[in-house]
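Trainee: Assemble the complex: chain S is given as a structure, and chain D must be docked to it using the hints.
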Amino acid sequence: MKWVLDTGNHIAALAAKYARVQVIPIYPITPQTSIAELLSEFIERGEMKARLIRVESEHSAMAAAIGASLFGARTFTATSSHGLALMHEMLHWATGARTPIVMAVVNRALGPPWSIWTEYTDTMSQRDTGWIQAYVISNQEIFDTIIQAYKIAENRKVMLPFMVCFEGFTISHTAEPVSVPEQEEIDDFLPSYEYDLLTNFDNPLTLGNVAFPDDYFKMRESIEKSMREARNTIISVCSEYSKKFGQDHGFLIQPFFEEESNIFIVTLGGVAGEAMDSIKILRNENIKAGLVRIRFFRPFPKEELREILRNAELVVTLDRSTSFGADPQVFCEVKSALYGLDVPVYGAIVGLGGKEIDYFSISQIVKHMMRIRKEQGKMEYLRWYMK
Amino acid sequence: MDSQQVLPLSKPKIGVAGRTGFWRSLTPIIDHDKCVKCLLCVVLCPEASIVVERDSPKILYEYCKGCGICAEECPVKAISMVSGDEVGT
Chain S
1 MKWVLDTGNH IAALAAKYAR VQVIPIYPIT PQTSIAELLS EFIERGEMKA RLIRVESEHS
61 AMAAAIGASL FGARTFTATS SHGLALMHEM LHWATGARTP IVMAVVNRAL GPPWSIWTEY
121 TDTMSQRDTG WIQAYVISNQ EIFDTIIQAY KIAENRKVML PFMVCFEGFT ISHTAEPVSV
181 PEQEEIDDFL PSYEYDLLTN FDNPLTLGNV AFPDDYFKMR ESIEKSMREA RNTIISVCSE
241 YSKKFGQDHG FLIQPFFEEE SNIFIVTLGG VAGEAMDSIK ILRNENIKAG LVRIRFFRPF
301 PKEELREILR NAELVVTLDR STSFGADPQV FCEVKSALYG LDVPVYGAIV GLGGKEIDYF
361 SISQIVKHMM RIRKEQGKME YLRWYMK
Chain D
1 MDSQQVLPLS KPKIGVAGRT GFWRSLTPII DHDKCVKCLL CVVLCPEASI VVERDSPKIL
61 YEYCKGCGIC AEECPVKAIS MVSGDEVGT
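Sequence lines, in order, name chains S and D.
Following the numbering used here, the residues of the first sequence are numbered contiguously, the last one being 387.
Following the numbering used here, the residues of the second sequence are numbered contiguously, the last one being 89.
The hints are simulated quantities; they were obtained by calculation from the structure and are not laboratory data.
The beta carbon of each residue, even a glycine, is placed where N, CA and C say it ideally should be.
Be careful, since some hints might not be right.
Taking lysine-lysine pairs in the DSS-like style, the calculated list, with each CA pair at most 30 Å apart, reads [as the list claims (entries may be wrong)]:
| id | chain 1 | residue 1 | chain 2 | residue 2 |
| --- | --- | --- | --- | --- |
| 1 | S | Lys218 | D | Lys13 |
| 2 | S | Lys387 | S | Lys367 |
| 3 | S | Lys355 | S | Lys335 |
| 4 | S | Lys225 | D | Lys65 |
| 5 | D | Lys65 | D | Lys11 |
| 6 | S | Lys218 | S | Lys302 |
| 7 | S | Lys280 | S | Lys335 |
| 8 | D | Lys77 | D | Lys11 |
| 9 | S | Lys218 | D | Lys11 |
| 10 | S | Lys335 | S | Lys288 |
| 11 | D | Lys13 | D | Lys37 |
| 12 | D | Lys11 | S | Lys157 |
To list a few chain D residues with every Cβ distance to chain S over 12 Å, as calculated [stated by the list, open to error]:
| id | residue |
| --- | --- |
| 13 | Ile30 |
| 14 | Cys35 |
| 15 | Cys67 |
| 16 | Ile69 |
| 17 | Val82 |
Next up, chain S with everything else stripped away, as it sits in the complex (with noise of 0.2 Å):
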């Protein structure tokens, strides 16, 4: 074990070459670059063995990904807002040839106005194409969910592309002490990936013809048994994780306070990293609060959420995200968790466009919320927090 001592960005790169990456077709946009230059750097000094894959564009990296990854190489990319954008449609097909390609993905918000400042929309707007979504809240935590991301996307059972989102700036530009293990520690935990359905060319295969409603019906629901299986598995591989390198960032929740609160926030991101001071100044004041954090918001922790807040006087949920016409994302999702609980569920949206959400304004939006509980007795609010 050593530390080391670099950016969001930086370790994200350290951790793919520690993961014995073999093909990274990728394409820098703002601000994921850093992971793209420090890869093609590992590379050009013989650190690395992979090959970098440089692309006219984010739909032709994925497209190149999934290639690589169906002919049994571990692959991995990153990308950022339009760019994620624009792999859209690749995302669906990375799912449904089950290729369990990992991604780093720094959220940012997407234009216009042109913003380079972080926001989680455009993560969130990708919840649907059936990739594992871990979010998480330091630099270390991105070390080590890139090295579980292999170990549960590769997992027979599981089969599922696997992108790791965290802010831009905030965390991809800040530089934080990591504990990074040896590279035989990580190689004993991650085994080499063997994959070689398609390179037997005694058999030869192709993947993807047209599929008839009976069939496609069946490959769809067989993509949501693996959602469902990945749960043991982020379980399973998150604690042997733990128990062999000593860092442990909960499964598909992290919870803190969880015994002794009665008023919960529930986010995910940076903005919980946040959110955990702002627990301090809360419970100094005599409000018993706590946190959830979710870590991976597909697949979505229902059950975990239903548990801890059973009982809870209020919830209050923080979205950096934005759904249009409709209630944002963990709003949405912590809401329907809920449904049939007798739980008061408040939603605020922050810190849109890298506006700034810190532990002092996320205290203020608590006591808010429970002042409108309190006067208005309302079951469900949402509110744009501009200030």
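Mentor: Chain D alone, transformed into the frame defined by chain S:
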């Protein structure tokens, strides 16, 4: 492979996409008196529906979709596109 997923795989075989001949509205007919046996039509057929039989091109009407590329490309205009359900079947 011990994969447990239902995968959209297919094996190569003749007519893997079904009997696509019934998609056809115009049918290519080869006039063998005009044909110079250059076999360009065999090479250019996008559906591999023209085979070589005794050095001459032969259209497999079970799979020919009637796209007309062979008629367009034939250097001696020996292939004509003919309408009608009964033609060539």
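Trainee: Could you run down the list of hints and mark each one as holding or not?
Mentor: Hint by hint, here is what the structure shows:
no.	hint	result
1	Lys218/S x Lys13/D	holds (23 Å)
2	Lys387/S x Lys367/S	holds (15 Å)
3	Lys355/S x Lys335/S	holds (25 Å)
4	Lys225/S x Lys65/D	violated (39 Å)
5	Lys65/D x Lys11/D	holds (21 Å)
6	Lys218/S x Lys302/S	holds (24 Å)
7	Lys280/S x Lys335/S	holds (25 Å)
8	Lys77/D x Lys11/D	violated (36 Å)
9	Lys218/S x Lys11/D	holds (19 Å)
10	Lys335/S x Lys288/S	holds (21 Å)
11	Lys13/D x Lys37/D	holds (27 Å)
12	Lys11/D x Lys157/S	holds (24 Å)
13	Ile30	holds (30 Å)
14	Cys35	holds (33 Å)
15	Cys67	holds (18 Å)
16	Ile69	holds (22 Å)
17	Val82	holds (29 Å)
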